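Undergrad: Residue strings, one per chain:
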Amino acid sequence: MGLLERIAETLQAGEDEQVGDLTRQAIAAGLAPKEILDRGLIAGMNAVGEKFRCHEIFLPDVLLAAKAMIAGMNELKPLLVREGIPLIGRVVLGTVRGDLHDIGKNLVAVMLRGAGFEVIDLGNDVAPDRFVAAAEESGARVIGMSALLTTTMPAMQEVTRLLQERGLASRVRTIIGGAPVSADFARQIGADAYAYDGANAVERVKALMAAE
Amino acid sequence: MTGAARGGGRGGERGDDGRAAWASERVAIAAGRVVPPRADVLRCAGLPSDPGGRTSAILERAFELLASALQPAGILREVSLPEFARIYAGEGRNAPATPLDTIAPRAERLALFAATTGRAVSETIAARFAANDFALATLLDAAASAATERAADAVQEFWAARIHAPALTDRAARPTRSPDERRVLRYSPGYCGWDLTGQRALFAALAPEAIGIHLRESCLMEPLKSISGVIVAGPPEIHVCADDFAFCRDCRTHGCRERARGC
Chain D
1159 MGLLERIAET LQAGEDEQVG DLTRQAIAAG LAPKEILDRG LIAGMNAVGE
1209 KFRCHEIFLP DVLLAAKAMI AGMNELKPLL VREGIPLIGR VVLGTVRGDL
1259 HDIGKNLVAV MLRGAGFEVI DLGNDVAPDR FVAAAEESGA RVIGMSALLT
1309 TTMPAMQEVT RLLQERGLAS RVRTIIGGAP VSADFARQIG ADAYAYDGAN
1359 AVERVKALMA AE
Chain F
9 MTGAARGGGR GGERGDDGRA AWASERVAIA AGRVVPPRAD VLRCAGLPSD
59 PGGRTSAILE RAFELLASAL QPAGILREVS LPEFARIYAG EGRNAPATPL
109 DTIAPRAERL ALFAATTGRA VSETIAARFA ANDFALATLL DAAASAATER
159 AADAVQEFWA ARIHAPALTD RAARPTRSPD ERRVLRYSPG YCGWDLTGQR
209 ALFAALAPEA IGIHLRESCL MEPLKSISGV IVAGPPEIHV CADDFAFCRD
259 CRTHGCRERA RGC
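Keeping their order, the protein sequence lines are chains D and F.
Residue numbering for the first sequence follows my numbering, beginning at 1159 and increasing consecutively.
Residue numbering for the second sequence follows my numbering, beginning at 9 and increasing consecutively.
These aren't lab readings, by the way, just hints derived from the structure by calculation.
Given the structure is predicted, the values throughout are model-derived calculations rather than measurements.
For glycine and all other residues, C-beta sits at the position ideal for the given N, C-alpha and C.
Just so you know, not all the hints are guaranteed correct.
Claimed, not checked - Label pairs and their in silico Cβ distance ranges: (1) 1355/D to 58/F: 17 to 25 Å; (2) 1182/D to 75/F: 34 to 42 Å; (3) 1242/D to 75/F: 47 to 55 Å; (4) 254/F to 1288/D: 24 to 32 Å; (5) 1213/D to 251/F: 37 to 45 Å; (6) 169/F to 1361/D: 45 to 53 Å; (7) 1241/D to 217/F: 51 to 59 Å; (8) 212/F to 1288/D: 24 to 32 Å; (9) 1182/D to 217/F: 45 to 53 Å; (10) 1163/D to 128/F: 40 to 48 Å; (11) 1237/D to 36/F: 50 to 58 Å; (12) 217/F to 1187/D: 19 to 27 Å; (13) 79/F to 1163/D: 43 to 51 Å; (14) 254/F to 1196/D: 44 to 52 Å.
What the hints assert, rightly or not - What the simulated footprint calls covered on chain F by chain D, stretch by stretch (three residues with Cβ under 8 Å from a Cβ of chain D suffice, anywhere in the stretch; the number is not a length): (15) 36–49; (16) 113–127; (17) 216–228.
Stated by the list, open to error - Chain F residues, not near chain D, derived (Cβ > 10 Å throughout): (18) 56; (19) 75; (20) 194; (21) 203.
Only chain D is shown next, with the shape it has when bound in the complex (with noise of 0.2 Å):
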């Protein structure tokens, strides 16, 4: 098995030292970060997604995934940048204004970075300016907004309503998610996209990404 698949393999069992130091390995190697990246990293935590998905592995083992994906990243992120390689894309996230339940949100972090995206994390009771702000200053293509109570559910129309009225809507994307929500409340409201767990979430925001 080469250096990349055991990086795949190594990750999907969530053995984040041990992605870590092949990772390592792999880059002293000369092997290219972008194919670490891709056929490394990337075709693992697929291949994580994908057994979430047939309900084969449980939500631990996917965070266990994600953390060796982080560990593999930390080691790859400052080639990638220093070759101007791209990410996968860009997302800024939080939870919307009046709600401080963070769990769904982090959980969603976890799982795009796992993916491959960058994530700005803008935390909990996030006022929907901050939403539209972030996401003009960093250059990020979605804003993905979590709630959990039915009263802060409202302030996602309010990031939808704001990225329309500056003419940011076309641009910037839009994914919300949380226990009261739902994907007619999205369309309410004007949302592009709705997400009902972290996988899908991830799911819907390279949907988003390739519509583009």
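Chain D is already provided as a structure; the job is to place chain F on it using the hints.
TA: Then chain F, alone, in the frame of chain D:
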């Protein structure tokens, strides 16, 4: 919401209905009382009853961390219906019609409450996330959520036990009902049309800062693993209400059905 709550008061202050007002009372909760069963945490985390060796080991670690961080505490204060009506009205941002509009006036007794598992629990979860221990942090969060519900249960049970067998000084004023004639359920701001801004009036009346729960400007509590609201005691049928309010459309569980039936 109109009408007068039954019963007299405790303490020397006067409530806004002219009756003697109750004072807030701390409820001691043993840490062991709130540690949730393993099965509850697995269910909360969406995991099967036997999730495998590695996940089981992480769950055990989560329980260890939870046990070392738990500092549960509760507080409650009985209120009259007029006082609750004022608190419930909050800042005038509730949904136009809500279940509590019809439930509270039919209640025999009402008590504001808050319960928490303590600051250290939330800090431990955040620390595990910051250390990229996502699986451990997630299972700890699930365990802490279940523990917080159990802390609220403990406050609710404390009060239910009291009103089913009230102190001698209360007995003359309030004939008691047997437990099967009365159902005691809790309701919280942020749910079922009770706007989250209602927390401000609730906190002003209850003062849960005494047990370390603080209200942020956004009306959410710190520590996050805290629950506040009103406990409503009365005949079981008062809790049965429509579930076709506008906000019910956004609710996936409709768990109020089972709650009202006592399931």
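Undergrad: If a hint holds in the structure, say so; if it doesn't, say that too.
TA: Going down the list of hints, with the structure as the test:
With their beta carbons about 22 Å apart, residue 1355/D and residue 58/F fall inside the hinted range of 17 to 25 Å. The supplied range of 34 to 42 Å is met by residue 1182/D and residue 75/F, whose beta-carbon atoms lie about 38 Å from each other. At roughly 49 Å, the beta carbons of residue 1242/D and residue 75/F sit within the given window of 47 to 55 Å. For the hinted restraint 24 to 32 Å between residue 254/F and residue 1288/D, the CB-CB distance of approximately 28 Å keeps it satisfied.
At roughly 31 Å, the beta-carbon separation of residue 1213/D and residue 251/F lies outside the given 37 to 45 Å, and the hint is violated. Here the CB-CB span from residue 169/F to residue 1361/D is close to 50 Å, well matched to the stated 45 to 53 Å. A hinted range of 51 to 59 Å holds for the C-beta pair residue 1241/D and residue 217/F, which are about 54 Å apart. Separated by about 29 Å at the C-beta atoms, residue 212/F and residue 1288/D satisfy the suggested range of 24 to 32 Å.
Checking the proposed 45 to 53 Å range against residue 1182/D and residue 217/F shows it holds: the Cβ atoms sit about 50 Å from each other. Checking the proposed 40 to 48 Å range against residue 1163/D and residue 128/F shows it holds: the Cβ atoms sit about 43 Å from each other. For the pair residue 1237/D and residue 36/F, the supplied restraint of 50 to 58 Å holds, since their beta-carbon distance comes to about 57 Å. The beta-carbon spacing between residue 217/F and residue 1187/D, approximately 59 Å, falls outside the hinted interval of 19 to 27 Å.
Restraint check, residue 79/F to residue 1163/D: a C-beta distance of roughly 48 Å satisfies the suggested window 43 to 51 Å. Between residue 254/F and residue 1196/D the beta carbons are some 48 Å apart, a value that agrees with the proposed interval 44 to 52 Å. Coverage of the region 36–49 of chain F by chain D is violated. Counting CB-CB distances below 8 Å, 0 residues qualify, and the rule asks for three or more. For the region 113–127 of chain F, the stated coverage by chain D is not satisfied: 0 residues place a CB nearer than 8 Å to a CB of that chain, which falls below the threshold of 3.
Under a criterion of three residues with beta carbons nearer than 8 Å to beta carbons of chain D, the stated coverage of the region 216–228 of chain F is upheld, 4 such residues being counted. A beta-carbon of chain D is positioned within 10 Å of the beta-carbon of residue 56/F; the least distance is around 8 Å. Every CB of chain D lies more than 10 Å from the CB of residue 75/F, the least distance being 20 Å, so the non-interface label holds. With a least CB separation of 16 Å from chain D, residue 194/F remains clear of the 10 Å interface cut-off, as annotated.
Listed as outside the interface, residue 203/F is inconsistent with that label: its C-beta sits roughly 6 Å from the nearest C-beta of chain D, within the 10 Å cut-off.
The structure shown violates the earlier hints numbered 5, 12, 15, 16, 18, 21.
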